[in-house]
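Dock chain Z against the given chain G, drawing on the hints supplied.
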Amino acid sequence: MMRALSIAWKDTVHVYRDFAGLAMMFIAPLVLAAVLGAAFGSGDNFSIAAAKTVVVDQDGGAGAGMPAAGAALVAALQSPDVGDLLTVTETDSPEAAREAVDSGDAAVAVIIPPGLSGALTGAAPAKAEIEIYKDPALTVGPSIAEAVAQSVAQSLNGSRAAATAAAQLAVSQGLTDQAQIADVAAKTAAVVALEARADAQITLEQRNPVVAGAEKEKRPNVASQVLVGMMLFFMLFGASVPARSVLDEHRNGTLSRLFTTPTRRGVILGGKFIAVFVVVLVQAIILILAGWLLFKADWGEPGPVTVLLVCSALVAASLGLVTVSFAKTPGQAGAVSSAIFVFLGLVSGNFTGTIVTSGPFATIRRVSPIGWLMEGWSKVLYGGSWASIALPVLVTLGFAVVLFAVSVFFFRKRYA
Amino acid sequence: MRRTWHIVGKELLQNLRDPLALLFTIVMPLVFTVFLGFLIPGGDENEGGLPLAVADSDGSPAAIRLIEALEATPLLEVKAMAPAEIDEAVQDQKVAAGLLIPEGYSAAVGAGRQVTLTFVRVQTSSGAQSAWQAVESVLLGSNMVTLAAQTAAEQVAVASERAVDDDLIGAARSLVEVQFADPTVEVTTTSGGASVAARVGGFEQSSKGSIVYWVLFGVMSVGGTMVLERQRGLLRRLNVIGVRAREIIGGKMITMIIVTFVQQLLLVLVGHFAFGIDYFGSPAALILIMVSLSVMAAAFGLLIASVFRTEGGFVATNVITALLLGALGGAWFPLEITSPGFSKVAHVLPSAWLMDSLHGITLKGWGILDVLGPMGVVWIWIVVLFAVAVWRYRPD
Chain G
1 MMRALSIAWK DTVHVYRDFA GLAMMFIAPL VLAAVLGAAF GSGDNFSIAA AKTVVVDQDG
61 GAGAGMPAAG AALVAALQSP DVGDLLTVTE TDSPEAAREA VDSGDAAVAV IIPPGLSGAL
121 TGAAPAKAEI EIYKDPALTV GPSIAEAVAQ SVAQSLNGSR AAATAAAQLA VSQGLTDQAQ
181 IADVAAKTAA VVALEARADA QITLEQRNPV VAGAEKEKRP NVASQVLVGM MLFFMLFGAS
241 VPARSVLDEH RNGTLSRLFT TPTRRGVILG GKFIAVFVVV LVQAIILILA GWLLFKADWG
301 EPGPVTVLLV CSALVAASLG LVTVSFAKTP GQAGAVSSAI FVFLGLVSGN FTGTIVTSGP
361 FATIRRVSPI GWLMEGWSKV LYGGSWASIA LPVLVTLGFA VVLFAVSVFF FRKRYA
Chain Z
1 MRRTWHIVGK ELLQNLRDPL ALLFTIVMPL VFTVFLGFLI PGGDENEGGL PLAVADSDGS
61 PAAIRLIEAL EATPLLEVKA MAPAEIDEAV QDQKVAAGLL IPEGYSAAVG AGRQVTLTFV
121 RVQTSSGAQS AWQAVESVLL GSNMVTLAAQ TAAEQVAVAS ERAVDDDLIG AARSLVEVQF
181 ADPTVEVTTT SGGASVAARV GGFEQSSKGS IVYWVLFGVM SVGGTMVLER QRGLLRRLNV
241 IGVRAREIIG GKMITMIIVT FVQQLLLVLV GHFAFGIDYF GSPAALILIM VSLSVMAAAF
301 GLLIASVFRT EGGFVATNVI TALLLGALGG AWFPLEITSP GFSKVAHVLP SAWLMDSLHG
361 ITLKGWGILD VLGPMGVVWI WIVVLFAVAV WRYRPD
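Chains G and Z are the protein sequences, given in the same order.
Note that the first sequence ends on residue 416 in my numbering; no numbers are left out.
Note that the second sequence ends on residue 396 in my numbering; no numbers are left out.
Source of the hints: derived by calculation from the structure; they are not laboratory data.
Note that the Cβ used here is the ideal one computed from N, Cα and C, for glycine as well.
Watch out, some of these pointers could steer you wrong.
Cut-off 25 Å, straight-line C-alpha distance, at most; resulting in silico cross-link-like pairs (DSS-like, lysine-lysine) [unchecked claim]: (1) K52(G) with K10(Z); (2) K328(G) with K10(G); (3) K328(G) with K413(G); (4) K296(G) with K216(G); (5) K328(G) with K344(Z); (6) K52(G) with K127(G).
Chain G side only, calculated, beta carbon under 7 Å to chain Z, not exhaustive [claimed, not checked]: (7) H14; (8) E129; (9) V184; (10) A186; (11) A190; (12) F351.
Among chain G residues calculated to face chain Z with C-beta under 7 Å, some are [what the hints assert, rightly or not]: (13) A49; (14) K134; (15) A162; (16) A166; (17) A170; (18) L175; (19) Q178; (20) A179; (21) V395.
Bound conformation, chain G alone (with noise of 0.2 Å):
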């Protein structure tokens, strides 16, 4: 045992004089998840870059003393409900407002017709059409505006079907004094207009899933978040660094050499695997530390996360094993190793996380250990407890356990 040790020390003194590698093992993940957390905002909010927006309100109202249409929508896109969403800047003509968009300077613009407030006050059945004109390379920004646009649309139309309404069923129920039936019609639209504004009868409140065991709902931050996959994803860089080093040994003779000693093989090879998950427990903690340290990250219950700490560093390791135990050549392995993993993250979700959110993904990432362990941080991150996280650490128990075996089985093989 202490032979094994002994070689499992010597492995890993190795890997810390390796710059490289520990670039690769704590720089790298530190500074995508300081990155990527920083796309998306920072501490615990979730925010975008507001879109410039142009308007060109070309309404010229209903007559006097009636309120102009046109007028309402601007003063919606200005509203300070979407301020930190859309910079709204008003200009005189559609193609002026279009070149902005075309030109990059606006990522949508909103064009109100002429004759907005005549077609919902006249007496003739009208159509009027405000056009929202998009970069078409943008997404977010112009669907803010759109939905603020068919928000006031919505209102306007209840109040012309209101009054409308109200002048048929008026007739319906015997009045034919047609000054009193546009009287109704009149104080029907006005009142479904002001009460629009006022609070909605159905409201939608937002929140973050309650995970299972949890008391009440938690919202990690981004940066954690982020890190999380970062870590799980430069475990696996940092388990084929010493992986990679019996095939180093093999190619600089060392490892014959060693095989003419008295030692068995077996404990040469255990030496090698200890120095692998020595060096993946250690990346992990130093990175869960970070974290808390940088991030502010609050990563949970202690119990479950240590839980999940050591299922990550013994996935990461037995990974790292097998994808080194196919290759001949260190260059080989490097390669091979760096196109599985980098398919394993994008797979996982170690990438995108929880930007991207679709019903097969939550199917297709549990074909990977990788995938099953994001699932266990992610519920230990929304506070979960042990139950939550029960079913994820035994599937990546059964996954270490197996891919451990196929390397044990090659290397064996190849050096037994």
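What follows is chain Z alone, placed relative to chain G:
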């Protein structure tokens, strides 16, 4: 110059014989393109498919009407679920978001009382944001119909001196719904440029992102060879027999440019013919972007190979830098969903300008003149990277 071409020939031959080079230049980028293309929502309403879990604790006709309205929204795919299952489904990313309709919903709506629905979402999910807007739109329509019907019934009741009852409200509701079916004011959305694409997402994002990201990886094979040749003394030997440094650098650079250009060409062709991305709106602009990207990647590979003495150092730096350039430049996700200021900072990097230009030619109808500015930034990077690489180059 003859020696340079000999080096190019040898490197290309070595690349052709290396299955790993094929893996990094073609196989992995295609896997990325396909996988991320299916994963990132395209956002086209006709595509549908944002899964929304709905838990109906009320079970009333009013709640069923609301669910039917949600089902009629093209962007959403409603999945019925028990209230206890919603949180886990959202957290595990099985659905984009969850909606809880509380018990007593119908009674509250009937009595005109305010009622609040709960929307369960992961804060960072863009799918959840789209689902939120779709649900809000449905609720807004529902609220307006109720308000308009109630108000019309009340005003008519006052004028006709009768009480407001369910019959009157029901009649008013029917009339209002007819009016809403043919609204006076409509909102239409048109895109600038030449594109018919509804928004960036799906393959529009993944194809271009893979090109920019994986071309940076494409230099790994040639750059790695250069490091190995230095380690084994081959570069020194070439130097001793009279091959000049500029011939060696030129040979390596030209090889990296050829390899990455061919890689791009294949990815562009797959993107165009398999995923319908209109890369050939302006062939001249496309070629300028591809050449710029290839030269930039070659200068980048040469710099890393010049600075790092070990294969491990080269691979680590290549992986980290490519990841950073890809993530910061919008190759993984559109920069518009990032925080204020991030996009501006990201545009210091060449990858962001390359992504902008690719979006420009496929979505906005950009031509050669439009991409000159962004490519100018890329070429500034190329000059700097190349100058440092040549300065740092040592044959041993």
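Outcome of the hint check:
1. The straight-line distance between the Cα atoms of K52(G) and K10(Z) is roughly 52 Å, outside the 25 Å bound, and the hint therefore fails.
2. Of the supplied pair hints, the one linking K328(G) and K10(G) holds, its CA atoms being roughly 22 Å apart against a limit of 25 Å.
3. Of the supplied pair hints, the one linking K328(G) and K413(G) holds, its CA atoms being roughly 13 Å apart against a limit of 25 Å.
4. Distance check on the hinted pair: K296(G) and K216(G) sit about 20 Å apart at the alpha-carbon level, within 25 Å; holds.
5. With a C-alpha separation of about 45 Å, the suggested pairing of K328(G) with K344(Z) is violated against the 25 Å cut-off.
6. Proximity of K52(G) to K127(G) is assessed by CA-CA distance (about 28 Å); at most 25 Å being required, the pair is judged violated.
7. The beta carbon of H14(G) is not positioned within 7 Å of any beta carbon in chain Z (closest approach about 12 Å), and the interface hint is therefore violated.
8. Checking E129(G) against chain Z by beta carbon gives a least distance of about 5 Å; that is within 7 Å, so the hint holds.
9. For V184(G), the shortest C-beta to C-beta distance to chain Z is roughly 5 Å, which falls under 7 Å, so the interface hint holds.
10. At a threshold of 7 Å, the smallest CB-CB gap from A186(G) to chain Z is about 9 Å, leaving the interface hint violated.
11. With 7 Å as the threshold, the beta carbon of A190(G) stays out of range of chain Z, its nearest partner Cβ sitting at about 9 Å, so the hint is violated.
12. About 6 Å separates the beta-carbon of F351(G) from the nearest beta-carbon of chain Z, less than 7 Å, and the hint is met.
13. Interface hint at A49(G): satisfied, since its Cβ lies 4 Å from the closest Cβ of chain Z, which is below the 7 Å cut-off.
14. Here the hint on K134(G) is kept, as its CB sits about 6 Å from the closest CB of chain Z, short of 7 Å.
15. Nearest Cβ of chain Z to the Cβ of A162(G): about 4 Å, under the 7 Å cut. The hint holds.
16. Of the supplied interface hints, the one on A166(G) holds, with its beta-carbon coming within about 4 Å of a beta-carbon of chain Z, less than 7 Å.
17. With a cut of 7 Å, the hint placing A170(G) at the interface with chain Z holds, because the nearest CB-to-CB distance is about 5 Å.
18. The interface hint given for L175(G) holds, since its Cβ lies 6 Å from the closest Cβ of chain Z, which is under the 7 Å cut-off.
19. Given hint, Q178(G) at the interface with chain Z, is violated; its Cβ is 13 Å from that chain's nearest Cβ, farther than 7 Å.
20. For A179(G), the interface hint is violated, since its Cβ never comes within 7 Å of a Cβ in chain Z; the closest pair sits about 11 Å apart.
21. Among the interface hints, the one on V395(G) is violated; its C-beta lies about 13 Å from the nearest C-beta in chain Z, farther than the 7 Å criterion.
Checked against the numbered hints above, the structure violates hints 1, 5, 6, 7, 10, 11, 19, 20 and 21; every other hint is satisfied.
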